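Student: Sequence:
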Amino acid sequence: MDQANVYFTDFRTRDVPLPAKLQKLMRRAGVGSIDMEGKLVAIKMHFGELGNIAYLRPNYAKAVADVVKELGGKPFLTDCNTLYPGYRKNAIDHLYNAEVNGFNFMTTGCPVIIADGLRGTDDIEVPVRNGEYCKTAYIGRAVMDADVFLSLTHFKGHEATGFGGALKNIGMGCGSRAGKMQQHMSGKPHVNEELCRCCGRCARECGSNAISYDSGKAYIDQELCKGCGRCIGACSFDAIENDSWDANQLLDRRIAEYSQAVCDGRPCFHISLITDVSPNCDCHAENDAPILPDIGMLASFDPVALDQACADLCLSAEPIRNSQLGDNLAKPDWQHHHDHFLDSNPNICWKETLEHGEKIGLGTRRYQLIRM
Numbered sequence: 001m002d003q004a005n006v007y008f009t010d011f012r013t014r015d016v017p018l019p020a021k022l023q024k025l026m027r028r029a030g031v032g033s034i035d036m037e038g039k040l041v042a043i044k045m046h047f048g049e050l051g052n053i054a055y056l057r058p059n060y061a062k063a064v065a066d067v068v069k070e071l072g073g074k075p076f077l078t079d080c081n082t083l084y085p086g087y088r089k090n091a092i093d094h095l096y097n098a099e100v101n102g103f104n105f106m107t108t109g110c111p112v113i114i115a116d117g118l119r120g121t122d123d124i125e126v127p128v129r130n131g132e133y134c135k136t137a138y139i140g141r142a143v144m145d146a147d148v149f150l151s152l153t154h155f156k157g158h159e160a161t162g163f164g165g166a167l168k169n170i171g172m173g174c175g176s177r178a179g180k181m182q183q184h185m186s187g188k189p190h191v192n193e194e195l196c197r198c199c200g201r202c203a204r205e206c207g208s209n210a211i212s213y214d215s216g217k218a219y220i221d222q223e224l225c226k227g228c229g230r231c232i233g234a235c236s237f238d239a240i241e242n243d244s245w246d247a248n249q250l251l252d253r254r255i256a257e258y259s260q261a262v263c264d265g266r267p268c269f270h271i272s273l274i275t276d277v278s279p280n281c282d283c284h285a286e287n288d289a290p291i292l293p294d295i296g297m298l299a300s301f302d303p304v305a306l307d308q309a310c311a312d313l314c315l316s317a318e319p320i321r322n323s324q325l326g327d328n329l330a331k332p333d334w335q336h337h338h339d340h341f342l343d344s345n346p347n348i349c350w351k352e353t354l355e356h357g358e359k360i361g362l363g364t365r366r367y368q369l370i371r372m
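For the sequence shown, the working numbering begins at 1 and goes up steadily by one.
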């Protein structure tokens with residue numbers, strides 16, 4: 001596959017508002033070549049869990065929606081419900097969450113539609129071209145009913161996949177609850193009681209109420225556990241482990257295959273903003289200090305190339321000292337990986353998603369960065 005074009009601009013601006021600069025980037029990247037006249041256009045993004053303020057501002061969503069409308073399209077913002085309890089577990093709470101975080105018709109110029117319905121069960125089983133782990137994927141119905149698909153991604157760190165980029169936003173984000181279960185089915189963690197200090201943090205992070213202390217130490221109920229791995233990232237004492245050594249690799253590959261199911265066979269366009277690079281996902285009700293400085297906005301027709309370009313820009317950036325990454329690098333006994341994502345969350349293997357996405361024909365890791 002030939003290299004893909006990835007368009008980039010930083011956040012420096014004097015006379016032009018940043019949302020307008022994003023629109024210029026979209027046009028330069030070629031979004032106008034997509035026939036949107038009279039078409040339903042899904043704009044997939046993350047509305048942020050209540051309490052989290054690292055998510056992308058509604059201003060950026062409006063900028064994207066306005067370009068879609070200029071091209072004759074009918075845009076809507078969308079996401080699917082989560083597996084874990086919180087304010088995005090069903091459509092009622094999810095819409096309330098989006099409203100509180102500033103996403104509504106007045107602020108964005110388009111409606112918000114929760115793609116997999118009231119309880120996360122309104123999905124479509126979609127074939128996965130070249131799928132090795134998922135022959136079919138369970139995708140939120142509204143995502144697949146759209147004629148055109150756009151992704152608007154907050155590029156940040158992630159406790160399970162290394163970073164949350166376009167593929168994470170598309171693959172995991174567009175999966176219904178059944179789809180998310182399928183992607184997370186590669187093993188479940190257990191507790192090493194000798195290392196457990198009963199601090200309770202893992203139980204507070206668990207979205208499935210699967211962790212108890214009835215035996216004096218943390219215990220994970222394997223029937224309730226969904227295998228999301230949030231407890232692993234929460235434990236400061238390495239007391240929680242996963243018997244499936246390749247669980248994260250398999251999760252990453254399934255995310256790529258779900259992205260293939262969403263994007264294959266219809267017009268797609270992808271945007272990522274590297275800003276407020278929190279160490280963990282916007283699904284957290286809190287967001288720790290950024291691990292890296294704000295870098296810029298990128299756009300491409302190729303989501304694999306887009307993620308690779310974002311990753312490369314992040315890896316070449318200077319870590320912020322007062323952050324999770326900075327704290328780890330300052331430890332005298334820290335084994336430096338010379339990889340900001342791995343040094344921030346040591347149990348991840350982010351390259352798997354991109355390598356597998358390229359392997360199944362979703363895109364290419366080879367790209368030309370065109371600066372604006």
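None of these hints come from the bench; they were simulated from the model. Don't take each hint at face value.
[Claimed, not checked] As a list, the in silico DSBU-like pairs of lysine-lysine whose alpha-carbon atoms are at most 35 Å apart:
1. Lys39 / Lys24
2. Lys39 / Lys69
3. Lys74 / Lys89
[What the hints assert, rightly or not] Taking CB as the label site, the calculated pair distances span:
4. Pro332 / Pro19: 25 to 31 Å
5. Ser236 / Glu70: 32 to 38 Å
6. Asp264 / Ile370: 23 to 29 Å
7. Asp294 / Lys135: 17 to 23 Å
Since the model is a prediction, treat every value here as computed from it, not as a measurement. Note that CB positions come from ideal geometry on N, CA and C, so glycine has one too.
Student: Just to be careful, I want the Cα atoms of Lys74 and Lys89 compared with a cutoff of 35 Å; is the pair within it?
Tutor: 26 Å, holds
Student: Please verify whether Lys39 and Lys24 have alpha carbons no more than 35 Å apart.
Tutor: 22 Å, holds
Student: Is the gap between the beta carbons of Pro332 and Pro19 within 25 to 31 Å?
Tutor: 44 Å, violated
Student: Please test the hint of 17 to 23 Å on the beta carbon pair from Asp294 and Lys135.
Tutor: 40 Å, violated
Student: Does 32 to 38 Å hold as the CB distance between Ser236 and Glu70, or does it fail?
Tutor: 49 Å, violated
Student: Using the C-beta atoms of Asp264 and Ile370, is the stated range 23 to 29 Å upheld?
Tutor: 25 Å, holds
Student: Please work out if Lys39 and Lys69 have their alpha carbons no farther apart than 35 Å.
Tutor: 10 Å, holds
When each numbered hint is compared with the structure, violations occur for hints 4, 5 and 7.
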